[in-house]
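Chains as they are written, first to last, in our numbering: chain A, 1 to 522; chain B, 1 to 415.
In case anyone wonders, no lab produced these hints; they're calculated from the structure. The structure displayed is predicted, hence computed values, not measured ones. Just to be clear, a hint being listed does not mean it is correct.
Sample of chain A residues facing chain B (criterion: CB under 10 Å; computed from the structure) [stated by the list, open to error]:
1. T27
2. M321
3. Q344
4. G349
5. A351
6. T360
7. G367
8. G384
9. W391
10. N395
11. V415
Label pairs and their computed distance ranges (CB to CB) [stated by the list, open to error]:
12. D156/A with D108/B: 54 to 62 Å
13. I140/B with D88/A: 31 to 39 Å
14. Y109/A with I140/B: 13 to 21 Å
15. E387/B with K396/A: 48 to 56 Å
16. I140/B with L110/A: 19 to 27 Å
17. D88/A with V45/B: 34 to 42 Å
18. F235/B with R389/A: 28 to 36 Å
19. Q164/B with E121/A: 38 to 46 Å
20. Q356/B with D289/A: 32 to 40 Å
21. I140/B with E511/A: 46 to 54 Å
22. Y109/A with G139/B: 17 to 25 Å
23. L391/B with D36/A: 53 to 61 Å
24. R388/B with K396/A: 28 to 36 Å
25. D197/A with I140/B: 44 to 52 Å
Yeah, the Cβ is synthetic: ideal placement off N, Cα and C, and Gly gets one too.
In case you want the letters, here they are:
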Amino acid sequence: MAGLPEDAEEADGLTDDILRMRGITKTFPGVKALQDVNLAVRRGEIHAICGENGAGKSTLMKVLSGVYPHGSYDGEIFFDGEPCRFSDIRDSERHGIVIIHQELALSPYLSIAENIFLGNERTSRGLIDWNRTNAEAAELLERVGLRENPVTRAMDVGVGKQQLVEIAKALSKQVRLLILDEPTASLNDEDSAHLLDLLRGLREEGITSVIISHKLNEIQAIADSTTILRDGRTIETLDMSGEEVTEERIIAGMVGRDLEHRFPPHEPKIGEEALRIEDWTVHSPSQHDRVVVSGANLTLRRGEIVGLAGLMGAGRTELAMSVFGRSYGVGISGRVYKNGGEIQLRTVGEAIGHGLAYATEDRKRYGLNLIDDIKRNVSAAALGKLARRGWVDDNKEYQVADGFRESMNIKAPSVLSVTGKLSGGNQQKVVLSKWIFTDADVLILDEPTRGIDVGAKYEIYSIINRLADQGKAILVISSELPELLGVCDRVYAMSAGRITGEVSRAEATPERLMQLMTKEKE
Amino acid sequence: MKVPTRETAPSSGGLPAVPAKAPAGRFSVNLRQSGIYIAFALIIVLFSILTDGELLSPQNISNIMVQNSYVLILAIGMILIIIAGHIDLSVGSVVGLTGAIAAVLMVDMDVAWPLAILVTLVAGALIGAWQGYWIAYFGIPAFIVTLAGMLVFRALTLTVLGNQGIGPFPDEVRTLANGFVPGFLGNIGLGPLGGADLLTLLVGLAAVAGIAGTQWRARQARLGYRQQVDALPLFLLRIGAAAAVVMVVIVQLARFKNLPWVLVLLAILVLGYTLLTNRAVFGRHIYAIGGNLNAASLSGIKVKSVTFWIFVNMGVLAALAGIIFAGRLNQAGPTAGNGFELDAIAAAFIGGAAVQGGVGKVVGALTGGLIMAVINNGMSLIGAPSERVMLFKGLVLLAAVALDVWTKRRAGSAR
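Given only the sequences and the hints, what does the whole structure look like? Please build it.
Shown next as structure tokens:
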């Protein structure tokens, strides 16, 4: 991994840096999310942070804003040259550091004005001063260029405007460093452009911004400098003002060049078509007119490992879950063919019946019953196989689960261990065991190695290879390009709900995929 | 940390080894599982001392069983609902309504009692289906649906009864609720304990033999599959303790009159529902739904259907409790069942159910119900005023759930 650029002058704190984070290391059970990360932000600039999903961007910002309090990480934070040890968000806000999260934190039923001053109410003699609240809110709304009545409920304005309300809220707290986590991810082009203009305006007023974004054209348009993170480490900080920094330059930093020997070798034996998805379109369950997946076509063959690449919000999980018994979305249209014949997948039960399996990207929320043991999690999706006339054969269940414990190398004292206490890698092996036990021959694996350490990743890759060798068709959804390149025989790329390209293993490079993944609508 | 492997486990394959965590918090898990039985024993000892042994006298044990049978029946239905992550506030009103329906059928309309009981149970099932529909298929939280049910079914009770009590019930129904199995085999002497019913004693011995036999067979089968089992002394100790408790209760019952019919009914229900929750696919789906709803539905479990049927089941059990309660009082009254839902819910939580769902046992709910029954009974024996009984019961409930939250937090921090 590359060394860390740091010049002697900066270390003395004599520069015009409003923020310096030094040697930040943050560990979650089983995973190092950040490792010796350094970040320096100049006063009054717009500083972009980019990196693949899981590179550690959001974690770094949570450390900065006190979501992870001092003591839960290693390293130092200097704000305005002063060492800072934030105990919570309010503490960092008192210093003028305000974070706006990707998922907006507005209370939908409260008015815009109430949201702006939430936790920071305008009062006189202990009671809320509504005149002052609404008047000051109106001033703030004008500053951010939002023409709405302050008494309008937050839920009644669009996502773009809600984003502006968040910024108005930040301004009300005398913000000096504004952190925005993917602020334009759910905005349309017009709203995005307005937001970027607003950030430029704030820069004129002397407010420093840190913006996390996947949209490279935006970063080029607005950022004064860009720090690239990869695998929880700082790779480099690029000065965007001087020489022309191309998208390719940023992509190269994000993906890295060396594919180490992290993947077990595999010779694919590709057979006939197993699953074909045609013209698949899905709408958002919360906004029925928003298209999440648009006219997707996809083919999986026996013995083949196919990748699905895409950035956050590209619609990969939505595509997979909507196919898997309509577990996501409304207004679903399109056709699915299994072994050449069209099939209906109206419920999860039907999908399992047709030999489909979907291992979720979020094991803890959607994959496992964490308070129950390995045995019962393994059998959960195919309990019928262990039962006669509705009664489960306990001993057979134990035997099956124990068989998986051995063949999948699940590290646990016994299959009666509670899954909530296993490491991420072992939890994932339990999830995979569950789906293998359903006798599925088409497996969709959504982020199969998320939150898993390197050694266990290797094991998961070996299992995936083994399943392919047994003639199963496998779709791997992943945000890690090296993983897709190292494991898959063919990769589809998605961007903004559309499949933007298909690349064979021979043609696939990180740069090529990243281009497809960031391809905007023509 | 080295992974503790059993002797039979093969060494790991050629893949890179990852250290797994050692099992943490085994003590706390056991504390939560067995704490309730220890607490039950302590409460019995406490009140035995306070009442000079009156608590465990033959007649009193019989009374505790008969007086609380309907709450225990409700607790069995309630624990399934709580395991699935729901709640049912309407059971008290359903007890009232089904008791009223039974009374109208048997007393006003002279329907034969077996048919009347059947119709009442079906009515209970329909009530459960009504609530289950709104909860499972319409998606209204169970708290709201059953709160509405609490009002609606109480109102219907009053309507059906015309705001007055209806009775008396046929003798058969009264016997079921209040009576004893006849002593076909006569009495035998038990030395200093005096005479006791032989049939009851034989049933007790058969029950003990049955418990020991099935446990032993299960243990042998597990050993056959090379699973881990409790060490032999611990196993024998557990079986011995269970046998002793059963025999003490049985001997005292035999010395008083005989086996109460409701105890026989309760034993069948506990056995049946324990099997259902442990061994049936349906029962296992209830735990899966309560443990992680999303994971359950993504595993193809028919969440809505399971939710619907546990409410139907609750309706049937509430109807059964309604018949027994009305039969015991020999009258269906407008206030019958008032507050029973709270007793049933408290029994489930004292008995080890988790507030978030996914955890709980039928035997636990039974024990929770008996803990409250013993508190009620023991305190009234020592002449404590009812407000103090209520206070004590409230604190016990709070303590039980606090223990649950506490052990979970400890387990969480050990993760």
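So, going through the hints one by one against the coordinates:
no. : hint                           : verdict
1   : T27                            : violated (14 Å)
2   : M321                           : holds (8 Å)
3   : Q344                           : violated (15 Å)
4   : G349                           : holds (4 Å)
5   : A351                           : holds (8 Å)
6   : T360                           : holds (6 Å)
7   : G367                           : holds (6 Å)
8   : G384                           : holds (7 Å)
9   : W391                           : holds (5 Å)
10  : N395                           : holds (5 Å)
11  : V415                           : holds (9 Å)
12  : D156/A with D108/B: 54 to 62 Å : holds (57 Å)
13  : I140/B with D88/A: 31 to 39 Å  : holds (37 Å)
14  : Y109/A with I140/B: 13 to 21 Å : holds (20 Å)
15  : E387/B with K396/A: 48 to 56 Å : holds (54 Å)
16  : I140/B with L110/A: 19 to 27 Å : holds (25 Å)
17  : D88/A with V45/B: 34 to 42 Å   : violated (48 Å)
18  : F235/B with R389/A: 28 to 36 Å : holds (30 Å)
19  : Q164/B with E121/A: 38 to 46 Å : violated (56 Å)
20  : Q356/B with D289/A: 32 to 40 Å : holds (36 Å)
21  : I140/B with E511/A: 46 to 54 Å : holds (52 Å)
22  : Y109/A with G139/B: 17 to 25 Å : holds (20 Å)
23  : L391/B with D36/A: 53 to 61 Å  : holds (58 Å)
24  : R388/B with K396/A: 28 to 36 Å : violated (52 Å)
25  : D197/A with I140/B: 44 to 52 Å : holds (46 Å)
Violated hints, listed in ascending order, are 1, 3, 17, 19 and 24; each of the other numbered hints is respected by the structure.
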